[in-house]
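Colleague: The chain contents come next:
4 protein chains.
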Amino acid sequence: MGTEIRQIHQEGPYCYTYSPFHTPITTVEVGETVCIHTVDAFENKMTPEVEHFSDVCTYPFLNPQTGPIVVKGAEPGDTLVVKIESIEPTRDHAVTGLVPYFGGLTSTKPDPTLQDALEEQWLFLPIDDDGVRFDDQRTIPYEPFMGTMGVAPKIEAVNALTPDYYGGNMDCVETRPGNEVWFPVFVEGAHFFTGDAHASQGDGELTGVALEIPAKVTVTFGLKKGYEIQWPRIVSEDFLMVAGSGRPLDAAARIAWVELINWLAADHGFDPLQAYHLLGQVGQMRLGNMVDPKYTMVAKFPRKYLS
Amino acid sequence: MGTEIRQIHQEGPYCYTYSPFHTPITTVEVGETVCIHTVDAFENKMTPEVEHFSDVCTYPFLNPQTGPIVVKGAEPGDTLVVKIESIEPTRDHAVTGLVPYFGGLTSTKPDPTLQDALEEQWLFLPIDDDGVRFDDQRTIPYEPFMGTMGVAPKIEAVNALTPDYYGGNMDCVETRPGNEVWFPVFVEGAHFFTGDAHASQGDGELTGVALEIPAKVTVTFGLKKGYEIQWPRIVSEDFLMVAGSGRPLDAAARIAWVELINWLAADHGFDPLQAYHLLGQVGQMRLGNMVDPKYTMVAKFPRKYLS
Amino acid sequence: MGTEIRQIHQEGPYCYTYSPFHTPITTVEVGETVCIHTVDAFENKMTPEVEHFSDVCTYPFLNPQTGPIVVKGAEPGDTLVVKIESIEPTRDHAVTGLVPYFGGLTSTKPDPTLQDALEEQWLFLPIDDDGVRFDDQRTIPYEPFMGTMGVAPKIEAVNALTPDYYGGNMDCVETRPGNEVWFPVFVEGAHFFTGDAHASQGDGELTGVALEIPAKVTVTFGLKKGYEIQWPRIVSEDFLMVAGSGRPLDAAARIAWVELINWLAADHGFDPLQAYHLLGQVGQMRLGNMVDPKYTMVAKFPRKYLS
Amino acid sequence: MGTEIRQIHQEGPYCYTYSPFHTPITTVEVGETVCIHTVDAFENKMTPEVEHFSDVCTYPFLNPQTGPIVVKGAEPGDTLVVKIESIEPTRDHAVTGLVPYFGGLTSTKPDPTLQDALEEQWLFLPIDDDGVRFDDQRTIPYEPFMGTMGVAPKIEAVNALTPDYYGGNMDCVETRPGNEVWFPVFVEGAHFFTGDAHASQGDGELTGVALEIPAKVTVTFGLKKGYEIQWPRIVSEDFLMVAGSGRPLDAAARIAWVELINWLAADHGFDPLQAYHLLGQVGQMRLGNMVDPKYTMVAKFPRKYLS
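Protein chains in written order, with this note's numbering: chain W, 1 to 307; chain F, 1 to 307; chain Y, 1 to 307; chain Z, 1 to 307.
Certain hints may be false.
Stated by the list, open to error - To give a feel for the contact side, a few chain F residues facing chain W, derived at Cβ under 7 angstroms: (1) F21; (2) P60; (3) P110; (4) D111; (5) P112; (6) I155; (7) A157; (8) G246; (9) R247; (10) R254.
Because the hints were derived from the structure by calculation, they are not lab data. Think of the CB as a built atom: it goes at the ideal place given N, C-alpha and C, for glycine as much as any other residue.
Generate the whole structure from the sequences, applying the supplied hints.
Modeller: In C-alpha cells, the structure reads:
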C-alpha cells in the first residue's frame, strides 16, 4: 500500500447511528484499498481540561462513526468482506476513563440499582513505540482494533453504542489488522461505517472504555455475491469466528455458536451435531464486551480442524 | 364521544419502525380526542387460507403501526399523555398462532439452540358479545389493550417489535381503556404511533402472539410541559405504574422499579429508600411480555398508599 | 380447629438447610392438622437495640426453619399436600430492613459491582387489628404467608435462603391460608420444614426483607400416593399454580410455565400446545422473589378454564 | 515423583455431593504429594453397549467424586492450596456424548422449552500418544484438567454437577497440571474432593460433556493459614485467576472480576479502581462452562503487570 491510497475523511457531521438514512460520504470499488480516518469514541472531546464526561458528551451523540461508505455492487443478500490492513493512531495518547453508571462492575441505565455511581476518573496515557504507558511501571502493547464497524440495517437506525447482527459496536479484539470481517448486506451499496479505534483492550472492555484513539484504518473491500450470513463473521489465519451480540452473555454466546455451526455445516461439510461435538472439545470463546447495550461473545473454530 | 370525533387512517404504507424519519400522517391538538384505526400485527394478512406465516410476513416488515401523529406543541423534555378511551375491534375474529422460533417456550433467534421449531399453528377465533371463543367450552372476556404505542426516539429508528424507553411493543395489558399512558418526548411534535391491538392477552404474551385484532382506538392527547420522564408511565384509577423493558426480565424489572421510585420521590414526597421499603411490602409487578426483543415488566404502586 | 391441635415447637436448634440429614422433631399422620411454631427470618434477633444485621446474623445461619416433620407413609415418588389453614403472628410487630448488598435494587454477592452498599436501615412496625403500621399515614393489611416451606432433597442440603424444586425460600405470596401447596417427596417421610412467616409482602420481596414475623401456622397434611411432580404446585379456589425458581427470572418463569403445561396435559386432558395457546391468552404470572439465590415466578392457570 | 507417592482410591461409594457429611477416606499432611484415582463423570458406566444414558445414570447420582480427603491442620478461615502435578488417563479412550436436555445449545431442565430434545449420541474416542482421535482426520491434543475439584461447604451438601464458591464442577481448563488452585476452607480438615477428569475440552464445555476419562491425578497440598478468600483462585506461571460461578454468565463474570480486584488490592498494592482500569485494558476472561447448574467464568490478570 503506497501513498496512492485514497484517504477518506468525514466531511460533514459524524454518524451516531448505524442506519440507511445517512448520506454516503464516498463510494469504493470492490477490491479497493482505502484509508479511513476516525475520531475517538468521544469525538476527541475528552481532554485533561474537561471535568465531566457529561460536559462534552450527551447520549445519543456518542461513538461517532465515519461513513457511510457505499460499496459498489453490494446488494441485499450479499456478504461484504472487509480486510483490515492496518490501524494507526493519529494522536500521541489514548484516553480511558470511568463514566458514571457505565461499565462492567457498576449498575447501569439498562440494569439500574439505587446505589451511588463509582467515582468519575479519566486517564490520558502516552503512546510511543513501546505501547501505551499505563503508569510508570506498566506499558501495554499496542494491539489495535476497531471497536465499531458494520453496515446499515435495512430500515432501522441503531445508536452506535450497540452491536448487533449488522456489526456495530462489538468491541471485540478480533476486528484487528490481518483479519477479514464479513457483514451481511441489507441495502444497496452496503453502507459501511467504522469508528471507535482502540489502541488495546482487555476482554469485556470491563470499564466500558478502552484505550480510545483517533485513528486511520486501512481496509480492503471484498464482496461475496449471493452469499448470505446472519451475523458478522471473522476470518483470521488460525480461526473461523462469529461475533454474536445480545443479553445476557448466554444469549450472545449461543448466537455465536449456532451461526458458527451453520457456517461449518454449509461450507465445510460438517453435519450440525458433529460440528457441535467438535466445538465442545476444541471451540474457543472470547468475551468481546460486557458493557454495551448488547454484549458480544466471539465463538472461534480452529481452522486446523477443518479437515 | 360522538360522531364528531376525527377518524385517523393510515393513508400510505404503515410504519415498521418507531422513528423520527416517517412523514406525519396528521396533527392533533393537545386536548383533542381522536379515533385511530389500526391493522393487526400481521397487517391483516393471516387468513385461514395462508399456510405459513413466512408466506405473507417477512422481518422487519412486521407489526405495522399507524402514525406518526404530530402533537402540536410537544417538545423534547415534555411528557406526552395519552388517555385511552376505548378500543373496538374492526373484525369479527381474532387471530393467534405459533410462529416458528418465536415465543416464550421455544428457542428463538435472539437466544437460539439447535433444536427443531415447535409446530406452526394458527387459530381464528370468533369475537362476539361474550368475548373471544377459544373453543366450544371456553370464552375469553374481551379485555382489549394496545400492544404497541409510543413516540419517536430522537435519532434512532427501532423495529416495531421492540419495546424500550420510548414505548413501542410493550405488550402489557395496562395500556388499556381507562388508563393514561405517559411517554417522554424526544422530537418536536412527539410523533406518536400505535398498533397491535389485542382483544385479550395473558401475562407475558406467552406464545408470542395475543388475540390479534384490527381496531379503532379512541384516545385523548395531553401534554405535561417541561416534565421529564425516562420510561413510559401508566396511571390507572388505582395504580401508578412504570413499564420497563430490557433483557433479561431482571433488568426490565429493575428499570421499572427504579423509575417508579424516582417518580414517588420527585412528585409525592418520598425519600427514595422509604419508597423502596414501601414497594418491598406493597409493590406489585406484572409481567408484560417475555417474547419480544426486549422483555417488559410493569411495576405498580397502589395509589391508596400515596399518603 | 379447636384447642386439641398439636403444637409443634423446635426443641433443639433450628435448621438452616433443607436436608435429609436433620433429626426429625416429630411425626404426623396423613390427614392430621397441626400448629407449627416458627421464629422469624432473623431468629427473632433483630431488635431495636441491634445496630448491624451482621452483629447477630451470620451466613449460612439464616432463615431458621422448624422441622423436619416426618409425614408417615410418604415415600419417594409421592406428592405431599400441605393445606395452610391459618397463620397467626406471635409477636406484636413485624421487622423489615435493608441488609447491605442484599435486595432487588442493589448489587449483591451473587452479582457484585464495585459500588458502595445502600445504607443499612431497620424498621419495627406494630401489628394490630388493622394490619401493619408502616408509618403514621399507612397501614398495610395483614395478608400473611409462609416465605419458606418445603421438603428434604434426596442427598443435598441446601441453605434455607434458596428456593428450588423441593420448595424452600420461594417467598411467594401464594403459600397462604386457604391454599394447598404440593411438594414432590424425595425421602421416606418427606421431611417437611417451614419458617420465615411474612405478615405481608409486595411482589418480588423487593428489599429482600418482607414484614418478618414469628408465627404459628396451622396446616393439614395430605398425600397423593404414586403421583409425581417436578416442582411445587399450589392450588387455590381460583387457580392452579406452579412456583418455578432459577436465575434469571426468565428461567424461573419458563420452569413454572412448562410444569403447569405438563400438569394440564397429564390431569386435565389438554394437548400441550393447546395448553400453551390458552396460557398465552389467560395465563397469569406473579413475581415471587427477585432477591434470593434463586428467583421465583408463579405461573397461574384460572381454574374456570379447565373446561 | 517416584513410586513412593501414596495412591488414594475410593474404597466405598463415590461421593455425589460436596458436603461435610461424608466420612473421610484418608488424611494428608500439608506439603504431601499424593496420587488420587478418579472415575469418569459417568462412573465409567457409559460403554458402547449402553443404549441410553438414563439406563445407567440417574440424577443426582452423577459426577462421582473421590474424597473427602482431610488436610491436616486446615481450619475455617484458611486457604487450601492444591498444586496439580500431573493427570494421567487410566483408560485407553475418552467418552463424550449428547445427553437429552443437557448442554449449551439445547433447552435444559433449569431453562426449559416445549421443544423436542436433540438426538442422544455417544462417541468413544481412542487416546494415544498423539492425543484423542476425534475421527479419521482430526486428533485433539491431550490437554487434561480436572473438571471438578473443591472442598466441603460449611453446612451444605451440593450436588457434584454444580460449581460454586467452594469449587466443585467448574469445568474450566485452568485446573490443569502446573497450576495452583486455591480454595477457601470451611470445615476442619478442608475435606477435599476431586473427579471428572477431562482429556481435553473446548471453552464452555459446549455439549455438556467433555472428553471424559478416569484418571490418576497427582497433587501437592499446601495451606495458607489465616488467609481468607471468597472464591477459588488459580495461579499459573503467567496469570492470577479467579473462577466465578453463577447464572447468567454475566453474574459469573462479575463475581470473578470483583474477587480478582479484591486480590490485587489486598496483596499487590493496587487501589481497587486502579485495578479496575488496568483489567479493562489487559484483563482476560475465559469461559469455563455454560452448561452446568451454575456457569463458570475465569477472570485472568497477567502477572507481568503486577509491577
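Colleague: Now look at each hint and say whether the structure bears it out.
Modeller: Outcome of the hint check:
no.: 1; hint: F21; in the structure: holds (6 angstroms)
no.: 2; hint: P60; in the structure: holds (6 angstroms)
no.: 3; hint: P110; in the structure: holds (5 angstroms)
no.: 4; hint: D111; in the structure: holds (4 angstroms)
no.: 5; hint: P112; in the structure: holds (4 angstroms)
no.: 6; hint: I155; in the structure: holds (6 angstroms)
no.: 7; hint: A157; in the structure: holds (4 angstroms)
no.: 8; hint: G246; in the structure: holds (5 angstroms)
no.: 9; hint: R247; in the structure: holds (4 angstroms)
no.: 10; hint: R254; in the structure: holds (6 angstroms)
Checked against the numbered hints above, the structure violates none of them.
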